[in-house]
Amino acid sequence: MSGSESHAVILLESVSHALRAEKILKAAGIRCKLIPVPRQLSSDCGVCLRIAAADGERAAGVLAGRLDYFNIAPLEK
Amino acid sequence: MKTIYLDNAATSFPKPPGMMEAMNSFQRDIGANPGRSGHGRSIDAGRVMYEAREALAGLFNIDDPLSVVLTKNSTEALNIVLLGALAPGDHVVTTGMEHNSVMRPLRYLASRGVDLSVIECSPQGDLDPADLQKALRKNTKLVVMTHASNVTGTIQPVAEVGRMVRQRDGVMFCVDAAQTAGALPIDVEDMNIDLLAVTGHKSLFGPQGTGALYIRRGLEKRIAPLMMGGTGSRSEFEIQPDFLPDKYESGTPNALGFAGLCAGVQFIVGQSLRAIREKEKLITAAFLQRMEGCPDVTVYGPAEADRQTAVVSFNVRNVTPSDAALYFEEECGILCRPGLHCAPAAHRTLGTFPQGTVRFSFGFFNAPGDADAAAEAIRDLLKG
Ligand SMILES: Cc1ncc(COP(=O)(O)O)c(C=O)c1O
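Residue numbers (the numbering used here), protein chains in the order written: chain A, 1 to 77; chain B, 1001 to 1384.
Isolated chain B (complex conformation):
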């Protein structure tokens, strides 16, 4: 049986051939420790890291590539911001659609005296920016929210929130773009984003173990590093460097992975983000259309391709998400994800906690026919 991969929101598969070739050639021809040793191949490895920063900076309209901190994923990027910026007595605002990479650090911080406001979203997962505005206080230090939900794909009004936050002195705006980097346009200037957390292995087509955090220049003074150690710079000093990006990049990085990530971003630029979005929108729309008027299938979220990423969550009447996923894999060769998708807060918003949903997430490399196959599989399951 042919398999159909519908779990791109967890990690994209397959990757562009250039990504694998870049990693191969890094390990074959360079393979040195970036920026640690000063010899030619160490510099070449550093250059690979630099090119990855530059590629990401270009994609998100970041003017200084050195303000792109390379991390192991978006979880690390978000933890740098949350644990590094918030102290007891500070107020932080987030939404009811967040992933646990935001919620867990925030719940931990709340238990340590950080004041936390979680803004409720509609049952489709939409945030009303006016609700968020009302929650801002004198001691608000940070607003952190997802650009699009990993459960329903709901695209949030990040630009509106960014505009509001920018008008408040001293409040930083952090966006979790794990689901959208490489899938939707992101412009840190237009959207007034101060801190942007992305992961490399989803729509950016990099390998697992890569991610990045953009830090608006100057804000590094307000964010303590999560880890300290060797950076290859200022080796004569025993204190951590205080400048970007070294302040947040201790230890030998995943240079091999960033060679791949850089090639992944170049693939996106080559195809154009717009073409990628159009393709993903078409397949999402096709699948949603086939689910319309299906009384035994409940689709969560906007159910409108324009208002969501290529992620669709649903439940089939009288079938648990895990049974459905097992059926899809065993009988139809469809690989998907059932359950809570690391986002219990979002499921509470949608009314699907604790049973969760089945999530089909499409990607650029899915064939148009995969939407039909996905719909067919659900029909077969219903027929029993």
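So that you can see chain A by itself, here it is in the shape it has in the complex:
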């Protein structure tokens, strides 16, 4: 993930869910990083997963059915 790459974030229900999602994504070979939820997306104090924007669709595919709730949002610079 270079600085110039465009990113998306996956918002999840809680840190336990984020950690589960991280495992699932890594097992599927999708690079991701846990970061604090950006203020403009939510005032929640939790964490979310940052991925490359290009991986959004694939990430949604592997998470579907394994986590009840997740939401993928573009991350503006």
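What the hints contain is simulated information worked out from the structure, not anything from laboratory work. Virtual Cβ for every residue (Gly too), placed ideally from N, Cα, C. Careful: at least some of the hints might be erroneous.
[To be verified] Covered by chain B, according to a simulated footprint, are these stretches of chain A (three or more residues, beta-carbon under 8 angstroms):
#, region
1, 5-17
2, 52-63
[Stated by the list, open to error] Away from chain B, derived, C-beta distances all over 12 angstroms, residues of chain A:
#, residue
3, 29
4, 46
5, 72
6, 73
7, 74
8, 75
9, 76
[Claimed, not checked] Quick list of in silico lysine-lysine cross-link-like pairs, DSBU-like style, CA-CA up to 30 angstroms:
#, chain 1, residue 1, chain 2, residue 2
10, A, 23, B, 1002
11, B, 1383, B, 1281
12, A, 23, B, 1383
13, B, 1002, B, 1281
14, B, 1383, B, 1002
15, B, 1072, B, 1281
Go by the hints and put chain B with the ligand onto chain A.
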């Protein structure tokens, strides 16, 4: 005098070295509040909790680690289920071999209008599943029972009961596995267990102050939380989250303890549950064999290593359990537990209420010779 620890059913001792190392390194290198703050070490602490869920899920064949709620012990896990699921007018079924962590909440609920059936067990502590089946009614909401008695070690027919309960729509099946998690195989799918309460500090080799509750997905809608508060999730809302596991995990958890519990479970997987069970069975069988044909010693329960955990309750003729335990400690260095073991209902079933029994409970770390030493101590006591 060397001491011999025969109180593993109360809490296991010693623990695997990896358990202590994991706690040490958590406190030394991580030490942050799990999932509260979003910085690296807070996430690492959250990861420790997650790894503990995953380890427990693996041990009990639970497909979703997020349906493992981390608690402070099995008492909390059982109270979440009993107080959270039962309301006046509901019917609940349990057995005559339960620990007070089941009986006390149920007696309280019964005083508030919950309908309670306690199914009698044999004097050896065995439940006949047919008796339990007969007790099921239209308004039965929950069946709750122990997997093995903490007094006699009697292993109950949980899989049979699970199969029966599964055929009844809307009845939940809760198992108190405080004595068996880490000691006997438990498979929540094969055994049709909807709710599994375990404690971390016994055969799971974790520290005290750790436990877990498995909640089958969907049932969280039928169980209110025992406590509410900060969960690190949905902070913008003033209502409690309604999803697993956060719904039941308010307040800063014992992350340090779960680091240890996770290592304890990894130790079990490393040794293999089967090897652990075999070792505990051997020592139990050896001790039981030495008690056979001993007219002055009454052993309660199955007195058959295959049908019980590594727990043996007995009485020595004309000696009260407390006097016997004091003798064993002072003269033989044996640490055990006398009395009612928090399970008066079980003692009524066995016919040992109110005096109780002496309980020797072996563990994976006992030496084979400890069974001889235990038998020898009883012989010495009898000689006076
Ligand atoms: C059968 C049974 N249930 C529940 C418990 C309660 O365990 P804890 O004190 O860890 O909550 C115990 C142990 O004391 C037990 O043996």
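Taking a Cβ-to-Cβ distance below 8 angstroms as contact, does the region 52-63 of chain A have at least three residues touching chain B? As far as the region 52-63 of chain A goes, the hint is violated, because 0 residues have Cβ atoms under 8 angstroms from chain B.
Need the status of pair residue 1383 of chain B, residue 1002 of chain B: alpha-carbon distance at most 30 angstroms? 22 angstroms, holds
Residue 1002 of chain B paired with residue 1281 of chain B [C-alpha distance capped at 30 angstroms]: Cα-Cα ~24 angstroms, so holds.
Taking the shortest Cβ-to-Cβ distance between residue 74 of chain A and chain B, state whether it exceeds 12 angstroms. At about 20 angstroms from chain B, residue 74 of chain A clears the 12 angstroms cut-off, so the statement holds.
Is residue 1072 of chain B within 30 angstroms of residue 1281 of chain B, Cα to Cα? Judged against 30 angstroms, a Cα distance of about 29 angstroms means the pair holds.
Over 12 angstroms from every CB of chain B: does residue 73 of chain A meet that, or does the non-interface label fail? 16 angstroms, holds
Does the structure keep residue 23 of chain A and residue 1383 of chain B at a Cα separation of 30 angstroms or less? Between residue 23 of chain A and residue 1383 of chain B the Cα gap is close to 62 angstroms, so the pair fails against 30 angstroms, i.e. violated.
What's the verdict on residue 1383 of chain B and residue 1281 of chain B, does the C-alpha distance respect the 30 angstroms limit or exceed it? Answer holds: residue 1383 of chain B to residue 1281 of chain B is near 28 angstroms, not above 30 angstroms.
Per the stated criterion, does the least C-beta distance between residue 72 of chain A and chain B lie above 12 angstroms, as a non-interface residue requires? 18 angstroms, holds
Chain B versus residue 29 of chain A - minimum CB to CB distance exceeding 12 angstroms, so not interface: 20 angstroms, holds
Can we confirm that no CB of chain B comes within 12 angstroms of the CB of residue 46 of chain A? Not fine: 6 angstroms to the nearest Cβ puts residue 46 of chain A too close to chain B.
In terms of Cβ atoms, is chain B entirely out of 12 angstroms range of residue 75 of chain A? Holds: least Cβ distance 15 angstroms, greater than 12 angstroms.
Checked against the numbered hints listed earlier, the structure breaks hints 2, 4, 10 and 12; every other hint is satisfied.
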